[in-house]
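*Asks:* Sequence:
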Amino acid sequence: MENNTTKNGWNLQDKYVLITGATSGIGLAAAQAMAARGANLGIIARNHSKAKEISTLLKSQTSKPINVDVFIADLSSQKSIRQVAAEILERCPTIDILVNNAGALFDTFQKTEEGVEMTWAVNHLAPFLLTSLLLERLKESDSARVINTASHGHKMAKDGFDFTDINGEGLYRGFKKIMGGPTIRYAQTKLANILFTSELARRLKGTNVTVHCFDPGLVATNFNQNNGMMAKATMAVMNLFSRTPEKGADTLIWLSETKDVSSLNGKYCVDRQQKEPAEVAVDKELARKLWNISEEQVKLSMNG
Numbered sequence: 002m003e004n005n006t007t008k009n010g011w012n013l014q015d016k017y018v019l020i021t022g023a024t025s026g027i028g029l030a031a032a033q034a035m036a037a038r039g040a041n042l043g044i045i046a047r048n049h050s051k052a053k054e055i056s057t058l059l060k061s062q063t064s065k066p067i068n069v070d071v072f073i074a075d076l077s078s079q080k081s082i083r084q085v086a087a088e089i090l091e092r093c094p095t096i097d098i099l100v101n102n103a104g105a106l107f108d109t110f111q112k113t114e115e116g117v118e119m120t121w122a123v124n125h126l127a128p129f130l131l132t133s134l135l136l137e138r139l140k141e142s143d144s145a146r147v148i149n150t151a152s153h154g155h156k157m158a159k160d161g162f163d164f165t166d167i168n169g170e171g172l173y174r175g176f177k178k179i180m181g182g183p184t185i186r187y188a189q190t191k192l193a194n195i196l197f198t199s200e201l202a203r204r205l206k207g208t209n210v211t212v213h214c215f216d217p218g219l220v221a222t223n224f225n226q227n228n229g230m231m232a233k234a235t236m237a238v239m240n241l242f243s244r245t246p247e248k249g250a251d252t253l254i255w256l257s258e259t260k261d262v263s264s265l266n267g268k269y270c271v272d273r274q275q276k277e278p279a280e281v282a283v284d285k286e287l288a289r290k291l292w293n294i295s296e297e298q299v300k301l302s303m304n305g
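Straight run, no breaks: the sequence shown in the working numbering ends on number 305.
A few of these clues could be false.
[As the list claims (entries may be wrong)] Below are the DMTMM-like pairs computed for lysine to aspartate or glutamate, each with C-alpha atoms no more than 25 Å apart in a straight line: (1) LYS80 / ASP160; (2) LYS156 / GLU280; (3) LYS206 / GLU141; (4) LYS300 / GLU115; (5) LYS159 / ASP75; (6) LYS156 / ASP70; (7) LYS80 / GLU296; (8) LYS80 / ASP15; (9) LYS300 / ASP75.
Simulated from the structure, these hints should not be mistaken for lab results.
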């Protein structure tokens, strides 16, 4: 990845990039690449000391002085997301790029303080709510982008969602759990990321904001370290065959600095190319239904 920009690039220097999940893995690799290009950053993290450490690291690795703002939030909590969005709007007069990158997988059924299943809350509702709350500020930029980290894992959710069990509780019981229910749940959230991308792009058609999602591939990160020794052992084996975080972040950087991304609006990208996701991920009616359900879950209404 080259510094600054190519002749076809959108210069990231002095742009303001807000990113979740930037303290490790793909998010950190992306933040480092963007900082190297002279972007000012806002990192949303749960751990304050870790976030401050990363802020210092990013500023120390650039030849040109940049700003790195730290925002603390628990992305499983809608209350916390609303609080951090208010703080961001107060502190950030401009947002050029919003990267919804944070993700998690919970092997046991857990609910948030709002009563939402945890994997769904962090992976889908958090970016849905955060983006919605920051949308007017994004529209104030000359040209803004929302970039969502999806996954090829969405293909495992070939049956879409059971809207009668939107919390996915059934996937954590009995035979369904044994057959990989929590993994299917994760796949559903990644499917939701793609559907959210396409539906938001449809709703923002004609504005200065474009919306994108990408598959980083199998990446060696700290992902799935919260589910016990078996999960850690499985990830250790998978990491032997995984990409580096820098390679995983490459398409994200490409989407951030490509000058004209209008043809990629609402699309799913892999390895710097637009790709067709699973058939269920291009279902426009499903995308609309998911949007309406998501609005209800976060108690938010956006016309469209």
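*Asks:* Each of the hints needs a verdict: does it hold here or not?
*Replies:* Hint by hint, here is what the structure shows:
1. This hinted pair does not check out: LYS80 and ASP160 have alpha carbons roughly 31 Å apart, beyond 25 Å.
2. For the suggested pair LYS156 and GLU280, the alpha carbons sit about 9 Å apart, so the restraint of at most 25 Å is met.
3. Proximity of LYS206 to GLU141 is assessed by CA-CA distance (about 15 Å); at most 25 Å being required, the pair is judged to hold.
4. Distance hint between LYS300 and GLU115 is fulfilled; the C-alpha atoms sit about 11 Å from each other, no more than 25 Å.
5. Of the pairs offered as hints, the one joining LYS159 and ASP75 is violated, with about 30 Å between alpha carbons and a cut-off of 25 Å exceeded.
6. Between LYS156 and ASP70, the direct Cα distance comes to roughly 36 Å. Violation of the 25 Å bound is thereby established for this hinted pair.
7. With a C-alpha separation of about 15 Å, the suggested pairing of LYS80 with GLU296 holds against the 25 Å cut-off.
8. Note on LYS80 and ASP15: the hinted pairing is violated, with a Cα-Cα distance of about 31 Å set against a maximum of 25 Å.
9. For the suggested pair LYS300 and ASP75, the alpha carbons sit about 18 Å apart, so the restraint of at most 25 Å is met.
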